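K.L.:
Could you put the whole structure together from the sequences, leaning on the hints where they help?
There are 2 protein chains.
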Amino acid sequence: MSQAAAAIQPVAIPRGTVLFRPDDACAGFVVVSAGTIKVSLTAENGREIVLYRVRPGEICLQTFGCLVNHGAYSAEGIAETDLVLEIIPAGEFQRRVTAEPEFRQRLFSAVAARFADLERLVEDVALSSIEERLARALLRLAEGGAMVDATHEALATEIGSARAVVSRQLGAFARDGLVAVERGHIALVDPEGLKHLAHPAE
Amino acid sequence: MSQAAAAIQPVAIPRGTVLFRPDDACAGFVVVSAGTIKVSLTAENGREIVLYRVRPGEICLQTFGCLVNHGAYSAEGIAETDLVLEIIPAGEFQRRVTAEPEFRQRLFSAVAARFADLERLVEDVALSSIEERLARALLRLAEGGAMVDATHEALATEIGSARAVVSRQLGAFARDGLVAVERGHIALVDPEGLKHLAHPAE
DNA sequence: GCGTGTCGGTGACATTGTCACCAAGGCGAA
DNA sequence: TTCGCCTTGGTGACAATGTCACCGACACGC
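Each protein sequence line maps, in turn, to chains A and B.
Counting from 1, one number per residue, gives the positions in the first sequence under the numbering used here.
Counting from 1, one number per residue, gives the positions in the second sequence under the numbering used here.
What the hints contain is simulated information worked out from the structure, not anything from laboratory work.
Among these hints, one or two may not hold up.
Claimed, not checked - Restricting the straight-line Cα-Cα distance to at most 25 Å, the calculated cross-link-like pairs of lysine to aspartate or glutamate (DMTMM-like) are:
no.: 1; chain 1: B; residue 1: K38; chain 2: B; residue 2: D176
no.: 2; chain 1: A; residue 1: K195; chain 2: B; residue 2: E44
no.: 3; chain 1: B; residue 1: K38; chain 2: A; residue 2: D117
no.: 4; chain 1: A; residue 1: K38; chain 2: A; residue 2: E153
no.: 5; chain 1: A; residue 1: K38; chain 2: B; residue 2: D117
no.: 6; chain 1: A; residue 1: K195; chain 2: B; residue 2: E48
no.: 7; chain 1: B; residue 1: K195; chain 2: B; residue 2: E92
no.: 8; chain 1: A; residue 1: K38; chain 2: B; residue 2: E123
no.: 9; chain 1: B; residue 1: K195; chain 2: A; residue 2: E44
Said to hold, decoys possible - Covered by chain B, according to a simulated footprint, are these stretches of chain A (three or more residues, beta-carbon under 8 Å):
no.: 10; region: 18 to 30
no.: 11; region: 37 to 47
Unchecked claim - Every beta carbon over 10 Å from chain A, so not counted as near; a handful from chain B, in silico:
no.: 12; residue: T98
no.: 13; residue: F103
no.: 14; residue: G193
None of these values were measured; they are calculated from a predicted model.
Beta carbons: idealized from backbone N, C-alpha and C, even for Gly.
P.N.:
Here you go:
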């Protein structure tokens with residue numbers, strides 16, 4: 001469609017690569033073609049929490065503040081899987097926003113989605129119990145399946161808590177027949193039961 | 001400058017007015033001319049937390065997801081002071097974004113600022129101690145002065161905690177000579193000491 | 001003066017976070 | 001194989017925070 005767009009080469013990135021760190025300068029605007037980016041925050045005390053994930057077709061907004069306000073970003077982005085990215089230089093980004101309504105629409109959708117993600121996260125962390133948060137995280141990470149491939153440590157980062165807390169809560173879930181825990185992964189035995197815990201008001 | 005802009009009448013709103021609630025339909029795009037809007041989340045269990053504030057010259061993004069994705073928003077907005085607003089209808093918003101680079105620039109700045117706010121909030125709530133969060137909230141609300149006009153209940157909402165917790169922590173601050181508490185307001189006796197608590201790594 | 005509602009102090013207890021320690025599994029080197 | 005070393009996770013003990021209840025102090029209108 002756009003000839004300028006065709007000139008931008010996709011870039012392949014292996015799983016585990018650190019895409020950006022706090023206070024990095026920004027390379028440009030990133031669109032994910034394949035794979036997922038995990039964006040997380042780490043405090044001085046070492047505790048960590050996952051903010052959100054950027055999936056195929058989505059725009060990574062972490063560079064946005066940098067491009068717009070020349071502010072540095074504060075989060076870290078890691079390639080959770082092998083990735084294919086398009087990197088759009090700042091000038092080209094400005095051009096597209098001005099000239100291509102459909103690019104603008106995608107940008108705005110990405111902004112709205114991140115907003116929703118972050119508000120959900122604040123609500124989760126600030127207002128919900130560990131039981132709820134862990135049940136929701138398990139269902140989210142299972143993506144409709146019945147298996148979650150994550151260590152207790154990774155789950156703790158997912159919900160912004162500590163490994164020991166996750167271990168105990170998983171133990172409780174297992175005792176209630178909701179999950180079965182094995183080294184490195186968790187089987188969802190009773191997803192309906194978990195859904196019920198995840199949304200106590202319903 | 002823009003004749004269309006001149007056609008939009010400012011609207012005056014008294015302090016305390018609820019501007020929007022969760023699941024409201026969106027009236028349009030809101031720009032704050034004077035005063036501040038406080039945007040907060042409330043959970044089913046009644047707990048509440050302040051997300052951010054929208055100040056003069058800034059754009060309230062809460063309606064953004066609604067205008068862009070037809071999604072409902074989940075937060076509540078209250079006029080913290082008397083307000084003067086401009087309300088831009090959706091069509092006019094689209095026109096300005098397309099035609100006025102300077103309007104677009106303001107919009108993007110607002111987006112970047114909200115992002116930074118929400119990331120700071122997540123970091124605060126998920127990764128920091130009550131002592132740090134309360135010290136930071138007091139300094140933020142004092143806005144460089146030495147007096148904070150808020151009840152313990154309001155401070156609890158500000159940091160996403162409970163009133164009793166705030167009362168006890170303020171008691172500890174008072175015992176250490178950092179603040180003096182009176183009914184309805186808190187005097188910052190030793191702002192430097194509070195700053196030190198607010199940023200323990202420095 | 002006397003209600004009535006808001007504000008805040010506090011005790012008792014539940015939940016969550018922190019730290020330390022240990023046991024079990026995985027994995028590579030000799 | 002055995003050994004060492006790292007990761008994972010189970011658990012106890014304790015600290016920090018959240019929840020609930022209750023009561024007294026204060027503000028305000030009558």
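K.L.:
All hints, please: hold or fail.
P.N.:
The hints, checked one at a time:
For the suggested pair B/K38 and B/D176, the alpha carbons sit about 31 Å apart, so the restraint of at most 25 Å is broken. With a C-alpha separation of about 17 Å, the suggested pairing of A/K195 with B/E44 holds against the 25 Å cut-off. A C-alpha spacing of about 20 Å is found between B/K38 and A/D117, which places the hinted pair at or below 25 Å, so the restraint holds. Taking the CA atoms of A/K38 and A/E153, the gap is about 15 Å. The hint holds against a cut of 25 Å.
Pair hint A/K38 plus B/D117 holds up; C-alpha atoms about 20 Å apart against a cutoff of 25 Å. For the given pair, A/K195 sits about 23 Å from B/E48 by alpha-carbon distance, which is consistent with the 25 Å threshold. Pair hint B/K195 plus B/E92 does not hold up; C-alpha atoms about 44 Å apart against a cutoff of 25 Å. At most 25 Å may separate the alpha-carbon atoms for a hinted pair to count; A/K38 and B/E123 meet this at roughly 16 Å.
A hinted pair counts as satisfied when its Cα atoms are at most 25 Å apart, and B/K195 with A/E44 qualifies at roughly 16 Å. Here's how the region 18 to 30 of chain A fares: 0 of its residues keep a CB closer than 8 Å to some CB of chain B, so the rule of at least three is not met and the hint is violated. As drawn, the region 37 to 47 of chain A meets chain B at 5 residues by the rule of a beta-carbon pair under 8 Å; at three or more, the given contact holds. Chain A draws B/T98 into its interface by the beta-carbon criterion, the shortest separation being 7 Å against a cut-off of 10 Å.
Every CB of chain A is more than 10 Å from the CB of B/F103 (nearest about 12 Å), matching its label as outside the interface. The claim that B/G193 is not at the interface with chain A holds, since no C-beta of that chain comes within 10 Å of its own (minimum 19 Å).
The structure shown violates the earlier hints numbered 1, 7, 10 and 12.
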